[in-house]
Amino acid sequence: DAGVTQSPTHLIKTRGQQVTLRCSPKSGHDTVSWYQQALGQGPQFIFQYYEEEERQRGNFPDRFSGHQFPNYSSELNVNALLLGDSALYLCASSLGTGLADTQYFGPGTRLTVL
Amino acid sequence: GENVEQHPSTLSVQEGDSAVIKCTYSDSASNYFPWYKQELGKGPQLIIDIRSNVGEKKDQRIAVTLNKTAKHFSLHITETQPEDSAVYFCAPGGGYNKLIFGAGTRLAVHP
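Quick note, the sequences are listed as chains U and A, same order. First residue of the first sequence: 14, per my numbering; consecutive thereafter. First residue of the second sequence: 233, per my numbering; consecutive thereafter.
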């Protein structure tokens, strides 16, 4: 049983560019959440997708957008990249009962913005 | 807004000793209380979680205790081993489980 997978593992972009990160949830899970983890800090919630809709959103600008596909996989898009967007981007999957669902994290995508 | 604090920020113990990390949160709507372990270059790994209708949960050398009235929960690791060395995060969650992570505790277990 595969766990949460993310691609790519590393990515280097320049300021102003756009990036797309991908996540496949754990088998049987239907909810995907995205987090940003800056170096030396705890992860910060970006948004959560359930039934192909954004269900919750954290305090991130509209440059951050996402999508969930019918097979429950998800993409995170970031437009107009800033140096401060450099971070580890984590995807977590869960079974969306809405009742304190356990979230399992993938290995992350390390994004560097130059 | 939501506020989560972890103490201590760093913890150094000898192999075989116990380690305790405390997490304090502000959102009274929180009803889910997980602890994650993160090793260098990896994503957070769930090690134990507890829900608000339970005061304590144990899994071998790891336990979590919850005091909802005081809004804090703690991670207890007994008989620590060098492989327990990592950064530990508490991440209380509420509706639909938007997890709010603490800043992390770096645990070093010395042989």
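Hints listed in this document are in silico derivations from the structure and should not be mistaken for laboratory results. Think of the CB as a built atom: it goes at the ideal place given N, C-alpha and C, for glycine as much as any other residue. It is possible that some hints are incorrect.
Claimed, not checked - So, partial list: chain U residues that the calculated Cβ filter (under 7 Å) puts toward chain A:
# : residue
1 : A51
2 : G55
3 : P56
4 : F58
5 : T110
6 : D114
7 : F118
Each hint, compared with the structure:
no., hint, result
1, A51, "11 Å, violated"
2, G55, "3 Å, holds"
3, P56, "5 Å, holds"
4, F58, "5 Å, holds"
5, T110, "9 Å, violated"
6, D114, "5 Å, holds"
7, F118, "4 Å, holds"
Checked against the numbered hints above, the structure breaks hints 1 and 5 and satisfies the rest.
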